[in-house]
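A.B. asks: Those protein sequences? They're chains R and C, same order as listed.
For the first sequence, the UniProt record's numbering begins at 1 and goes up steadily by one.
For the second sequence, the UniProt record's numbering begins at 1 and goes up steadily by one.
No lab work stands behind these hints: they were computed from the structure.
Treat each hint with caution, since some may be false.
Restraint-style ranges between C-beta atoms, simulated for each label pair [unchecked claim]: (1) C/E166 to R/T51: 34 to 40 Å; (2) R/G143 to C/L49: 21 to 27 Å; (3) R/R200 to C/P165: 43 to 49 Å; (4) C/S69 to R/S204: 56 to 62 Å; (5) R/W29 to C/D63: 49 to 55 Å; (6) R/L53 to C/G39: 56 to 62 Å; (7) C/G105 to R/R289: 38 to 44 Å; (8) R/A196 to C/G105: 47 to 53 Å; (9) R/P7 to C/L163: 17 to 23 Å.
The beta carbon of each residue, even a glycine, is placed where N, CA and C say it ideally should be.
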Amino acid sequence: MRPNRYPDNAWAAILLAVPFGGLVIFYLWPLLRTVLLSFSEGTAFTGYTITGLGNWQRLFENGDDVWRALVNTLVYAAIVLLGVPIAMVIAALLHQRGLRGRSFYRTLYFVPVVTMPVAVAMVWRYIYNGDFGLLNEVLDAVGGPTRAWVADPDTALYAVAVVGIWMALGTNLIILAAGLEAVPQTLEEAAMLDGAGPVRRFLSVTVPLLTPSIFLVSVLSVIGSLQMFDLLFIMLGRTNPALADSKTIVYLFYEEAFVRNDRPLGAVIALVTLVVTLAVTAVQFRLQRRWVTYA
Amino acid sequence: MRDRVRSRHLVTHVVLMAGALLMVSPFLWQFLTSLKTLGESTRVPPTVLPSSPEWGNYSAFFDVVPVGSMAVNSVLALVLRVAGQLLVASLAAYVFARLRFRFRGPLLAGFLVVLMVPPQLFVIPQYEVIRTMGWLNSVQALALPGMFSAFGVFVLYQFMRTLPPELDEAARMDGANPWQIYLRIILPLCRPALAALTILTSLFSWNDLLWPLIVNTVPDRMTLPVGLATLQGAQGTDYPVLMAGSLLTILPMVLVFVLLQKQFIRGIAMSGLKA
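Same shape as in the complex, but just chain R:
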């Protein structure tokens, strides 16, 4: 008798029934439904019927909102990416041998990661306030520029991105610290014996060996940034004059699908997000060959 290649068919079916059922109802069917909705017309009351490419045509003919939101989101993601070098420097400082208080620092840098974005966005909105915000007071004291940071279309998105960097720093730090653990100490020591100073050692020894972690952090940072919603939703209220120019793609999705209740357009925007996320990630994986070294 031939041994059974699939001895567990029955058990697999029983144990997977609930998880797979849930996957189909809440994820796989929705995926298909969103694609179908993007080709449909109608409202929640009349129901939706598939009519063809109308929504996509709208997107390409007068989808200025969507394109602007897309650009905003990419700009936001690019700025938040600047947090990666900052995290690298801090991770390297924390990694020094014999440094005291390492876990103390790590705790403080990590707190923003566990705090609710809605709550911290409210704090930052208050700090950014143009009339009595803390930031303007500090900048005024040192002779810097002051303005209504989140009510000004020229600065609102950047102001939110600074908060994005602040929130992501802890996560980046943890992943980079794990990468640093894997860098052999002997290489650093060899460089030290050759007379390389700390900065030189960091740039010429640590960073090249850390590139796989840096790559991982960058990819995760961009994917996370493309999802930005909470910070914008709170920091720029509905009446904010800068909102129209600063919407991100997920914000626009929420607005079209659940405030204006234009579900088909919402579906189109969601699919645009998918395409952009895949494209940006693919570009990162392509570029990786130029700068990431796997030891």
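Mind docking chain C on chain R? Use the hints.
C.D. replies: Chain C alone, transformed into the frame defined by chain R:
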């Protein structure tokens, strides 16, 4: 030599301390503001310390929105979502990591595909499913889609694959069936991964805004983040109360983090998530 190391560490400490101060200063400002009067909070130049602490701002938060029921909703949604996710994800991960059956590849691919797709692609139909069931404005509406998240399956699958296959084989010789092996052998060994998943799922659930904002629109049924958002809409300028309320809602997770720091950090490192 030793002196040089020490002075270098001194510079390091100055830099790290300055950075740490920048990281926590928003929270300090939040706390100080939460104890000020409305007048003090909008004064120019700002008052740093409140003249006399206004603890009443904290109780005022409870008067403006139904904070009690919102907190209950947040907690119930978290418990339900975490419990469901642990059960669902561990079952699926076990089947994929330890059993041999037909269509294993395509079924696993079904889970992994979902992992790569941005959440917005699911949201509209998920909302329709919940509405069709008549579950809008309920606790299960908050918890349901997240319970079946493929993220947990992936984390546990990665972990279970590293356990030696001899475990299952020995148990099978002793006559155990797959359910028993799952329950008595594999699950207990997965405790670190389950702990990490619990922490991350709790964090997602507690802090989430978009989904609760969409499905639960009645004030009594809202979660805390949504409640805070509506509070800001209603009393956008009462900063002391806003700061008191936002401080109260972040406190539980910060406390859990301080207590379970190691597990938190392992969870992040394990999944690389929550960017």
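A.B. asks: Taking the hints in turn, state whether each one holds.
C.D. replies: How the hints compare with the structure:
1. C/E166 to R/T51: 34 to 40 Å: violated, 59 Å
2. R/G143 to C/L49: 21 to 27 Å: holds, 25 Å
3. R/R200 to C/P165: 43 to 49 Å: Given about 48 Å between the Cβ atoms, the range holds.
4. C/S69 to R/S204: 56 to 62 Å: Check passed, 58 Å falls within 56 to 62 Å.
5. R/W29 to C/D63: 49 to 55 Å: Given range 49 to 55 Å: violated, Cβ gap about 43 Å.
6. R/L53 to C/G39: 56 to 62 Å: Holds, since R/L53 and C/G39 (Cβ atoms, about 58 Å apart) stay within the stated range.
7. C/G105 to R/R289: 38 to 44 Å: This hint is violated: roughly 28 Å between Cβ atoms.
8. R/A196 to C/G105: 47 to 53 Å: holds, 49 Å
9. R/P7 to C/L163: 17 to 23 Å: holds, 19 Å
When each numbered hint is compared with the structure, violations occur for hints 1, 5 and 7.
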